[in-house]
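Participant: Chain by chain, the residues:
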Amino acid sequence: MASKHSISRRSFLKAVGAGSAAVAAAGVLTACGGSSSSTASSAASAAASAAPATTELAAEQVLNLIYTDLALIDVNDVRNSNEFEVLTAVQEGLFRTFTDENGVDVVENAGCESYDVSDDGLTYTFHLREGMVWSDDQPVTAQNYVDSWLRLVNPDLAFSYAFLAYGIVGAEDYCENGGKLEDVAVELVDDLTFKATLTTPDPAFIKKVGMVCFYPVRKDLIDAAEAAGGNWTNDYTLHVYNGPFYISDRVLENNMTLKKNEKYWNADEVTLTQINLRVVDETSTQAQLMESQQIDVLKLTDFEYVDRWQNKVADGTFQYFGKDEPSVNYLVLNQHTEDGATGGPSGVMLNPKCRKAIALAFDREEFNAMFKEGLVTTAYGVIPYGITVGEQEFRAANPEPYADEDTSPDTIKALFEEGMAEAGVAGTASDVTLTVISYGATTEKTSQLEWFKQQLEGNLGVKVQIDTYPDTSTYVTARNAQQYDFYLQGWNGDYNDPMTFFELWVTGSGYAKFMGGYSNPEYDEMIEKAGASQDDAERMELFGKAEKLLLDEGGLVPLYYDNSQIYVQSYVSGLSMPMFGSDFEFSRVKILAH
Amino acid sequence: MKMLQYTVKRFVIMLFTLFIIATATFFLLAATPGDALSARVEKLPDSVAARMYAKYGLDKPVMERYVITMKGLVHGDFGESIIYEGQTVQSIIKEKAPISARLGIQQMLLGVSLGLALGVLAAVKKGSFWDYLVVALSILLISVPNLVFALLLQQVFAGKLGWFPVIGWPSNHLWTSGWNYTVLPTLAGCFGYIASYARLLKASMLDVMNQDYILTAESKGLTHREVILHHVLRNSFIPIVTNLPMSVAMCITGSFFIESVFSIPGLGLYYVNAVAAQDVTIVMGETVILAALYIIVVFVTDILYTVVDPRIRIRGGKR
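Top line first, the protein sequences correspond to chains A and B. FYI, this note's numbering numbers position 512 of the first sequence as 497, with every residue one higher than the one before it. The number in this note's numbering is simply the position in the second sequence, starting from 1, with 8 added.
It cannot be assumed that every hint is accurate.
Stated by the list, open to error - Below, in silico cross-link-like pairs of lysine-lysine (DSS-like), each with a Cα-Cα straight-line distance of 25 Å or less: (1) B:Lys63 to A:Lys297; (2) A:Lys204 to A:Lys245; (3) B:Lys168 to A:Lys284; (4) B:Lys168 to A:Lys165.
In case anyone wonders, no lab produced these hints; they're calculated from the structure.
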């Protein structure tokens, strides 16, 4: 943990990028058991300043945080990061994700002691840890997992993350097409063993089933609550817990208290006795609490405090972590051709050269500096830093395709006009008008739109028309009616594999309306092959090629990868910040004397 | 008899008003673009989204939903929250209203008493330095939003000086514990009362002081003090008495800004969040319940008029 005082933001980001590449290339990182996988998340490593001077523990092991209240505490129905955060703390599934001192994800076996995969890659058998109990002393059984997985794909319950289980034989059919529950291939073997069979091999399956929506459930309690007219989804008193903590108190939209679960199998490793979560909406109040040490961790949303707090990082009051998020923000280019659509009002969007010229017309560094305080990572590719194929980071093996393109106005204008000729559009670039759509005219959005316009008009010479809709519904209507050439969109990956992004641009994807409707049989074939391959090296190569092709055809215009600015009091140690699932993993946090 | 007839008539009008309010609220909410689920289902496959809508009955046509909602209202069943499954309007009001009520009542008691004192001061010392001070103070207090006061008090007294907690609210012994938590929110919310009641009482007192009967009282040889206490004050309290019930009713609805700044689990914050999230059932229920409360308060106020002012009486056929 090198202490790097007063490091500039830009150089910090560079340092992070380089650090992650080195880590991934060295192929370090393997942890316990057969299941460990790791992520070369570029998080944090360079950032933590002023390593705590003491390792003596404080008398009171209580962690204070802010949060937004949970809509529900039903693991199968998990939706938002706040639910991931609390449910990861109070429940436990097959695996638990920590981060090491370099901020790299380390997946450890938790509920599962080991698992086997059949030679054809289709059948996964999970062996559960012996002696685990729920907080009501009932053992955690394989039946609890089977109940959960079958409940996840129950069509009547319409859970958001059901699609993650669609690889299991019969699951998609049951959930979407009226198939039978009996045909879903999740089977109980004995009290501590169960197995699931897939339709095709899925190298990312293990990464998916570690997520909260696959955590075990107590069907007996759900049924009992339902029979009694209780509200299992939301009433914490009806729940039992098998995680490091349990929910001991909750006031709707105000606060929640978690206490240490002494019955947790690994309770010896848990030092915290209590976690206090509070709803605090005002950012200035949040800052007030952080500065007076009444909260211990804060994910900064208001960039106003960045400068002041970087000083506090320099003097050792706070630790700072710039954590990469599995998220890419990009301009969607309209390439829809289904139902008679012709790719947006401009008439040039179906041509790959025109699209690529547009993609190269933006100065991403300027965007970052102007709108993101220089804190996000500019994107010259589709896949964010930190996403891995097997054990290796995707970005380390595949340089970003747009990083070395010639972006001089003359070159891209020539490319654009070449494309116009191919598309049969007469005239020069200045005869083309691109329409951008947006909704809700906030100052930030308006100035971003103006910036897009200025970049395209300045670098490419096209005209840009800005259509701002008053609200989301009119905007969605316009989008679905193809009344746009481009718009800004962000997307978060769901699991740690490039597939979580690449499947979005496959022809006929359920998400095509958010991706501009890119379609190329060659791309589809590569992604299909990568999806079924069990060979990480082959997958890496296929994904790399697919990304190149996608961007070479201007399938989208990546702008930046998100990251979070996290400030932590200097006396907090052992806080993990995994890239996927919960933002924080609390079970090994220690409060040092201060 | 007249009184009874009047009461019954008012009651029927009250029900009709409630019906209008419920109907208007329903259709306004229905006309708002988007709904409680639209953000949640935006990125879900269409089939899953459709099932989600069916689950909450939002796939039905507006008129059908209206009939279902109104039937529920008649039976006192407002339905479950769409955002927090299992929560009902009743359970939320039961949990949150007392908290807003304690804060509101503390603010009101402090604000109204200070306001009345300043009002008397300004009226009695009309044209003096004190009068102008009160006027200036009132203008300042009423024009600065309480959000600003809340943040300012929080920063100085909780942040810099550390005398009070930055946020929080007593979680047990709802009415009597944790006074230190309540000091700053109470102060932040009392300024409005100070300003409005000071101005109200001053204006009313000046009005009364110009009446002939005050001249009569003075000419009887009563001291200035006696005139103010026995004649002016009692008569100038009519607007105060008619304003107070509405202030009391406002207490339980809570203040969005103050509850938000100090992280107080009250009704005001919850209500606004429910509107923002388009949690239709909760918004409908709360609106109807709060509207009913106001209407009852207006009714009580009308009765109060007759108590404090004998000049106002209900006479047959003359209303």
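Participant: Now look at each hint and say whether the structure bears it out.
Facilitator: The hints, checked one at a time:
1. B:Lys63 to A:Lys297: violated, 49 Å
2. A:Lys204 to A:Lys245: holds, 24 Å
3. B:Lys168 to A:Lys284: With Cα atoms ~23 Å apart, Lys168 of chain B and Lys284 of chain A stay inside 25 Å; holds.
4. B:Lys168 to A:Lys165: violated, 64 Å
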